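Undergrad: Let's have the full structure, built from the sequences with the hints guiding it.
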Amino acid sequence: DAKTTQPPSMDCAEGRAANLPCNHSTISGNEYVYWYRQIHSQGPQYIIHGLKNNETNEMASLIITEDRKSSTLILPHATLRDTAVYYCIVRPDNYGQNFVFGPGTRLSVLP
Amino acid sequence: GAVVSQHPSRVICKSGTSVKIECRSLDFQATTMFWYRQFPKQSLMLMATSNEGSKATYEQGVEKDKFLINHASLTLSTLTVTSAHPEDSSFYICSARDPGGNTEAFFGQGTRLTVV
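Going down the list, the protein sequences come from chains F and V. Here the first sequence is numbered in our numbering, starting from 131 and rising by one per residue. Here the second sequence is numbered in our numbering, starting from 61 and rising by one per residue.
Keep in mind the hints are simulated off the structure, nothing from the lab. If you're wondering where the values come from, they're calculated on a predicted model, not measured in any experiment. Treat the hints with care, as some may be off.
With a straight-line cut-off of 25 Å between C-alpha atoms, the simulated SDA-like cross-links for lysine to any residue are [as the list claims (entries may be wrong)]:
no. : chain 1 : residue 1 : chain 2 : residue 2
1   : V       : Lys124    : F       : Tyr225
2   : V       : Lys101    : F       : Gly232
3   : V       : Lys80     : V       : Thr117
4   : V       : Lys115    : V       : Met105
5   : V       : Lys74     : V       : Thr163
6   : F       : Lys133    : V       : Thr140
7   : F       : Lys133    : V       : Gln98
8   : F       : Lys199    : V       : Thr163
9   : V       : Lys74     : V       : His145
Here are the computed distance ranges between Cβ atoms for each label pair [claimed, not checked]:
no. : chain 1 : residue 1 : chain 2 : residue 2 : range
10  : V       : His145    : F       : Pro206    : 43 to 53 Å
11  : F       : Asp223    : V       : Met105    : 34 to 44 Å
12  : F       : Thr202    : V       : Ser75     : 23 to 33 Å
All residues carry an ideal CB built from backbone N, CA and C; glycine is no exception.
TA: Now the structure itself:
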């Protein structure tokens with residue numbers, strides 16, 4: 131079972147920041163927080179991951195609370211192409227372990 | 061980043077026939093690959109873990125004789141849906157992780173199977 135809870139859907143205006151929350155109150159000390167997104171009829175695309183520090187890359191920023199029980203994915207300037215289902219996944223750094231997907235958040239970027 | 065490629069992206073087959081889906085890691089070797097299935101408006105569900113040189117591990121409720129997995133090389137895993145039925149119509153997705161890279165996994169483009 132997924133160890134995270136996310137809102138089922140969110141809307142965001144084009145050009146504005148999209149802030150997607152994720153609760154992972156039972157996260158263990160060795161588990162990372164990963165974010166993926168899935169655009170319709172495509173495989174999931176890796177966005178970003180972190181352990182306890184905030185992370186930023188060319189796609190997004192990841193803010194993890196100090197107690198690590200929740201996190202927020204930030205898309206700084208959402209475009210229509212960012213419309214997708216966003217999945218927050220917690221998982222230890224174990225090569226042989228799969229990723230468990232919950233229902234995710236369906237983000238709709240509106241013109 | 062690392063790339064995982066699936067083929068075909070879309071296939072239509074008749075009931076009772078078999079369909080093979082390929083998953084390749086293009087720039088790394090993967091001793092483990094994962095196969096997922098996704099029904100419309102649902103999330104990805106793990107079907108099986110494919111291990112190079114040994115038998116695949118199937119999740120509960122997934123028939124190993126129906127979904128044959130072969131991981132004969134470090135860059136290729138195949139999923140064969142045998143004696144396909146309309147209820148096998150789904151989106152099949154594979155993933156793999158570069159053991160020499162970071163901790164994230166990479167996913168194939170997915171294969172849309174329609175059984176008629």
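Undergrad: Run through the hints listed earlier and report the numbers of any the structure violates, in increasing order.
TA: 5, 6, 11, 12
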